[in-house]
Amino acid sequence: VQTRCRLNRTPEATVEILRGAASLEKPPYKQCTACSSIAATPVPPPPPPLAPPLSVACESPRPSGCRTLRLHWSALLSLQSLPRVGRFGLQSIWAGLEPVQLDTNRLEYLFESKSSNSSALCSLMGARQPCVSVLCVKRSNIITIALSSLPPVHLLPPAIYSMDNTVLDREDIQVLQMLVPTEEELNLIKEAKAQAPRSPLGPAEQCLLTLGSVPHLSARLQLWAFTLDHDTLEREIAEPLFHLKLAMEQLAANQTFRCILATVLAVGNFLNGCKAKGFELSYLGKLSQVKDTHGRQPLLHHVCVLLLQLYPQSSDLYTDITAVTKASKCDYTQVQLNLSQLESLCKACWDQLRLLEKDGKKKKSLHQRLTQFLKDCEERLKVLRAVHRRVINRFHSFLLFLGYSRTMVRETSAEVFCKTVSDFALEYRATRTAVLQQKEREKEKHSRNTPKLKTRLQQSPSDVSHRDFPQIRAWNYFYLLHSSIPVLQCRLSARRSRASSMVFQP
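In the working numbering, the protein residues as written are 977 to 1482.
Calculated directly from the structure, the hints in this document are not laboratory data.
This structure is a prediction, so every number in the text was calculated from the model and none was measured.
Where a beta carbon is used, it is the ideal one built from N, C-alpha and C, also for glycine.
Check each hint, because a few of them may be wrong.
[To be verified] Within a straight-line C-alpha distance of at most 20 Å, the following computed EDC-like cross-link-like pairs (lysine to aspartate or glutamate) qualify:
1) 1262 - 1403
2) 1114 - 1160
3) 1305 - 1403
4) 1395 - 1256
5) 1302 - 1215
6) 1351 - 1327
7) 1302 - 1210
8) 1358 - 1205
9) 1323 - 1225
10) 1169 - 1159
11) 1395 - 1327
12) 1302 - 1225
[To be verified] Per label pair, the in silico range of CB-to-CB distance:
13) 1162 - 1090: 32 to 42 Å
14) 1173 - 1134: 19 to 29 Å
15) 1344 - 1176: 38 to 48 Å
Using the sequences plus the hints, can you model the full thing?
If you want it as structure tokens, here you go:
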């Protein structure tokens, strides 16, 4: 028993077995009466033994004559105590695991360490050959860096075959498109592998060789990328068209915009001495450059003052035409190019799908899904093409509505027009805000000075000194001009001396 336990058991297990064996053995001597009486009395059972360490509890018995491969892991010989208040419980995950029944004989057969091959293995490890590397340093570094963000190389072909978005996202597909091997690279790797079959390949070479085993890799990646990019490409075309359509509607229905055009037209006709029916809207951006000769205030300032007097309910215009500002940031020439690019990509995807049909590894469900997706893309592309044509035609009609000639309509782009109107609206709002603030300051100043005026007017003529006469005269003129009390007559004795007071006669 001791020999068997020493070979196959840990020290703790050996002690337990020896205790059990000692209890089963018969005493070689005759017990005395006192001892038998003591033995007859019931003895309480011993307390259960403490739980052995994790490595001992999970260790399975192994035959003495068999050696198996070892796992070089970091074993937890003891479990740390957890805090009393924890989010995951009072015990670690290892304490709650259930024991697993293993087929030790099969594990012994599968992972048996053969002593006959140990010398050969040691010789191979001692004469370890370097990895095969045939790529240039720059290309190898690019592939090695890209592999750090990708799943393991052996998982890439199944994900590419099934186009599994849970394994590879759009950024991973873009990286793979950069790693597509050329025929020359594959030939070099295969030749080097044939010359040194026992030598392992470098990580970059192994990646290219694995990707090269996927037929029509470039076509698969392009088709997969199109399925992920289609919604984004469609949105880049539809959103600018929607902003332009909404901008035309906001400008056509905005009353403040009409009031501004009418005021600028009236001022321009007066200054030019003509009767023009309208003007080109690009001149709105030059209103801040024209200044009067008296106070050097820009013409836009005077337009704002007139609008506040004539149309007090008018708005600041900028907050009413938000779609114009959004449309001014779009490039409608690029929108046309994106539409053409989307059409060409859709056509190329049909060709790539037909190419994949010739592959024997195609999946029927994936093929049906891609076919239905491309059909839907064609239908939506037709609608998008019609929307683009109608919005552009409506914009040309809108320019004619604003007085543009047909020649100017062909030369004016949507983004330039919207940029002009948006910049003017922003400048108009800033000028309008400054005018309103100036009026508020004048109103506050008038409200502060009015009580002093009334107090001085209530004084008697004898209380007025000679030095106060100029101030009183100014206040009286101010009071006569702005007071709501009707004044029938005001006579001022100019022939008298400066000490005489102001006389009011009804």
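Each hint, compared with the structure:
{"no.": "1", "hint": "1262 - 1403", "result": "holds, 11 Å"}
{"no.": "2", "hint": "1114 - 1160", "result": "holds, 16 Å"}
{"no.": "3", "hint": "1305 - 1403", "result": "holds, 17 Å"}
{"no.": "4", "hint": "1395 - 1256", "result": "holds, 15 Å"}
{"no.": "5", "hint": "1302 - 1215", "result": "holds, 10 Å"}
{"no.": "6", "hint": "1351 - 1327", "result": "holds, 13 Å"}
{"no.": "7", "hint": "1302 - 1210", "result": "holds, 18 Å"}
{"no.": "8", "hint": "1358 - 1205", "result": "holds, 18 Å"}
{"no.": "9", "hint": "1323 - 1225", "result": "violated, 35 Å"}
{"no.": "10", "hint": "1169 - 1159", "result": "holds, 15 Å"}
{"no.": "11", "hint": "1395 - 1327", "result": "violated, 41 Å"}
{"no.": "12", "hint": "1302 - 1225", "result": "holds, 14 Å"}
{"no.": "13", "hint": "1162 - 1090: 32 to 42 Å", "result": "holds, 37 Å"}
{"no.": "14", "hint": "1173 - 1134: 19 to 29 Å", "result": "holds, 26 Å"}
{"no.": "15", "hint": "1344 - 1176: 38 to 48 Å", "result": "holds, 41 Å"}
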